[in-house]
Structure formats: C-alpha cells, structure tokens
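> Chain by chain, the residues:
There are 2 protein chains.
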Amino acid sequence: MAADTQVLKRPVYFGSFVVTSQVFYSTAHSFALVNLKPLLPGHVLVCPNRVVPRLRDLSKDEATDLFLTVQKVGKVVERIYKADSLNIAMQDGIAAGQSVPHVHAHIIPRHFQDLPQEDQIYAMLESEDGNLGRNYLEAQHPAVVQNGARPKFPTVHPDSERKPRSEETMAEEAKWLAGCMEEEQGQEDGGKGGLWS
Amino acid sequence: MAADTQVLKRPVYFGSFVVTSQVFYSTAHSFALVNLKPLLPGHVLVCPNRVVPRLRDLSKDEATDLFLTVQKVGKVVERIYKADSLNIAMQDGIAAGQSVPHVHAHIIPRHFQDLPQEDQIYAMLESEDGNLGRNYLEAQHPAVVQNGARPKFPTVHPDSERKPRSEETMAEEAKWLAGCMEEEQGQEDGGKGGLWS
Chain A
1 MAADTQVLKR PVYFGSFVVT SQVFYSTAHS FALVNLKPLL PGHVLVCPNR VVPRLRDLSK
61 DEATDLFLTV QKVGKVVERI YKADSLNIAM QDGIAAGQSV PHVHAHIIPR HFQDLPQEDQ
121 IYAMLESEDG NLGRNYLEAQ HPAVVQNGAR PKFPTVHPDS ERKPRSEETM AEEAKWLAGC
181 MEEEQGQEDG GKGGLWS
Chain B
1 MAADTQVLKR PVYFGSFVVT SQVFYSTAHS FALVNLKPLL PGHVLVCPNR VVPRLRDLSK
61 DEATDLFLTV QKVGKVVERI YKADSLNIAM QDGIAAGQSV PHVHAHIIPR HFQDLPQEDQ
121 IYAMLESEDG NLGRNYLEAQ HPAVVQNGAR PKFPTVHPDS ERKPRSEETM AEEAKWLAGC
181 MEEEQGQEDG GKGGLWS
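Chains as they are written, first to last, in full-length UniProt numbering: chain A, 1 to 197; chain B, 1 to 197.
The hints are simulated quantities; they were obtained by calculation from the structure and are not laboratory data.
A hint or two may mislead.
Any copy, or any two copies together, can satisfy a pair, since identical chains are not distinguished.
Unchecked claim - Restricting the straight-line Cα-Cα distance to at most 25 Å, the calculated cross-link-like pairs of lysine to aspartate or glutamate (DMTMM-like) are:
(1) K60 x D84
(2) K82 x D57
(3) K60 x E183
(4) K163 x E138
(5) K60 x E188
(6) K175 x D61
(7) K75 x D61
(8) K163 x D84
(9) K82 x E183
(10) K75 x E62
(11) K175 x E138
(12) K163 x D114
(13) K163 x D57
(14) K75 x E138
(15) K60 x E167
Starting from the given sequences, assemble the full structure and let the hints guide the process.
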C-alpha cells in the first residue's frame, strides 16, 4: 500500500511533543521519525511507542522490536543517502545527555570526510543543534524557549540552519522515507509491517 | 554455577585480537568484554560472536541477541558502578569512526558531573584512548604500533593511564562482572544463559 494513501490513525508522541507528521515507519512497538534539525542529511530517530525514559524500562519484546527497527532503518537510510557508515547513539538518561525523556536511538548516515573532523558528529549530538528537547520546545512552545536559559554548549556546526525545519519539509521527507521503507519491507518479508502496521 | 569454576572453551576474538580472558558474559550469539583502556569506569563492549564489520551483516537472531545483551549488560554495569545513566554508541563502519572491523556497542556508565563537559565522552570515544584498534595493536602487537603513524586526534583525557591495562587487571574485573551478570541472570529467568551458556 502506498505511503501517501493513508494517514496514521493515532497522534504519535516523542516525549510530550506531537510528531505524527514526522513519522515514516511504525512497527508493533516502535516508530521512526525524521528530525527537526538533522545534524547531517538522513539523521533520524527510532523510539519505542511507550513513552519511557530508559532502555531498562522496555520489555524484551519492546527492546527487540526497537533494535531490529534501528537495524532496518539504518540499512535503508544508509542506502538512500548513499552513505558509507552509520553512527548509532543512545543517550540513556540525563547524565548521558538525554534531553527528551523518551528512549530514542539516533541514526546518522556518515560519508568519508563529511565533517572537518571525524569525531565532530559527537560534539554536534550534544550541541544546541543536537538538543532535541530544546529544538522541539522551540518548534512547539517557542515562548518557553525565549524565556529559558541559553543552552550550555556552543553550536559546533556554524553552517547549520538555525530555525527548526518546517512541518511541510519534514512531512515531505517522512513521506519519501516511508516509501523507501515499504520497498525494503516488501523485499525482505513480503510486506509485513510498514508505516501503518 | 559460579563464574570462577569454569573456563571458556573457545578462544574469543574481537576482530583479529584474542580477548578470551576479558569476556564476562556470553549468550548464544554475543559476548561482552571489559576494555583495555576504559574511558570511564565500567566502560565495556558487546559484540556478536561472528566477526563481521557491519550491523546490517547480522541476522535477525544475532541482532536481537546483541541488543538484548546490550540492554542486560547496561542494566548491570549501571547498577554495580552506581551510575546515573548510560551512553550506548556504535560506530557502524569506518566512516563512522569504527577502528576494529567487528560490530561492537560501547556501553559507558555515566555519573552526573563525571566529566568537565557532559559531551566530552564523545570526543573521548574518538581519541587515542578510544581507538580500540590502536589499543589492541599496542597490547598484542606493539612493534606494529611503534612503526605506525600517530593517531589523528589528540587525547582529550589527560589523566588517563597511557598504558593498556594488564591481562590480570582485566581478567579480575571480568571475573567480578561475570559474577554480577550471573546474579542478574538468576533473578531474571532462573539461570538461563551466562558466561558459559
């Protein structure tokens, strides 16, 4: 079934934020979404449906589903963004840099020499651009951010777009990715799963 | 069965390096090992038994087993190192910083304010201390390292021990962790799995 002929029947939450139009893949226990401010092209997130902060909070079924989704989504974004590798990172708890209290894995397609320093992606993950909590607050509750404290770390990606991407831009990318995931799914197991499974 | 009453029956390889004495947990498809140069106390690695470079190379069973092992080992190291959070990171391919061509997830227990900057752990992952390939070469084939090029990135953890830890130190830690994993395993499912499953 084509990705653009249906609508997700439920609002999808990433922490307290509604991200329904950014979701491009959904399984029994997990979903994948495009990013407000991708650190590099194809930077996406995979979350469990259940809004819990820690990996240890997930049941065996949920954890299995989450990580098989990471594997599958990683394979697809690497292919369609013509990347060479993937960074996969999970900040599991506040002391590890987690800014939205909802388990999420970052998947970031990497190309050789895509950054001045190979390790810059990690600093970016912790920078203002990588601060998902702030980014979503800025997009969905701007007044809170304007009154809030400045983030602790300077931005390390001076060329990045300062404003979060528009709903339309993200929905368009999500639609494209949904189609790519369905193709992959069709090749792998005859069409089980997909955005509206 | 106590961890110290048996011996692993096979040599365990991390890439081309033999790490048998550093292994503290083993499942049907995966194993966990202590680190030559932990970036922070309790920094351990989880690998599939099969020596393949990329996450996409793993079967569904292998990937499931790997990530459930990450979840379980993470829970235990966080508890026994009295940590607040975990960084979980996978450099999946050379362009993402992978230095040993064998799938591995880093698990790093984190405490609030354990580093001068929260994000420093990521730079450390890419530093000389975090360069697993170099570290293992240095420990097991020192002549190669002495003749080799200097690593690209400076060390960011000036207080760190420059020499890889001794076999004895690592084996001792592995034995302690093996006991902790067996306790956890016993509580969770009546003793299935463990170091010599």
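> Under a CA distance limit of 25 Å, which applies to K82 and D57: within one copy, between copies, both, or neither?
between (34 Å within a copy, 17 Å between copies)
> 25 Å Cα cut-off: does K75 pair with E138 within a copy, between copies, both or neither?
neither (31 Å within a copy, 33 Å between copies)
> When no copy is specified for K75 and D61, does a C-alpha distance of 25 Å or less occur within a copy, between copies, both, or neither?
Answer is both; intra-copy 21 Å and inter-copy 16 Å each pass.
> Quick one: K60 to D84, C-alpha cut-off 25 Å, is that within a copy, between copies, both, or neither?
Between copies only: 22 Å across, 31 Å inside.
> How would you label the pair K175, E138 (within, between, both, or neither) given a Cα cut-off of 25 Å?
within (24 Å within a copy, 48 Å between copies)
> From the Cα coordinates, with 25 Å as the cut-off, is the pair K75 and E62 best called within, between, both, or neither?
So K75 and E62 pass the 25 Å test inside a copy (20 Å) and across (16 Å) alike.
> Is it within, between, both or neither when you check K82 against E183 at 25 Å Cα-Cα?
within (16 Å within a copy, 45 Å between copies)
> State whether the alpha carbon distance between K163 and D57 is at most 25 Å within one copy, between copies, both, or neither.
neither (33 Å within a copy, 37 Å between copies)
> When no copy is named, should K163 and E138 be tagged within, between, both, or neither for a Cα gap of at most 25 Å?
within (9 Å within a copy, 46 Å between copies)
> How do K60 and E183 come out at 25 Å by Cα distance, when the copy is not named: within, between, both, or neither?
between (27 Å within a copy, 18 Å between copies)
> Measure nothing new, just compare the shortest in-copy and cross-copy C-alpha distances for K163 and D84 to 25 Å and report within, between, both or neither.
Cα proximity of K163 and D84: none, with 28 Å in one copy and 32 Å across.
> With identical chains treated as interchangeable, where does the CA-CA distance between K163 and D114 reach 25 Å or less: within a copy, between copies, both, or neither?
Within one copy only: 22 Å inside, 32 Å across.
Figure legend: structure checked against the earlier numbered hints; hints not met, in rising order: 6, 8, 13, 14 and 15.
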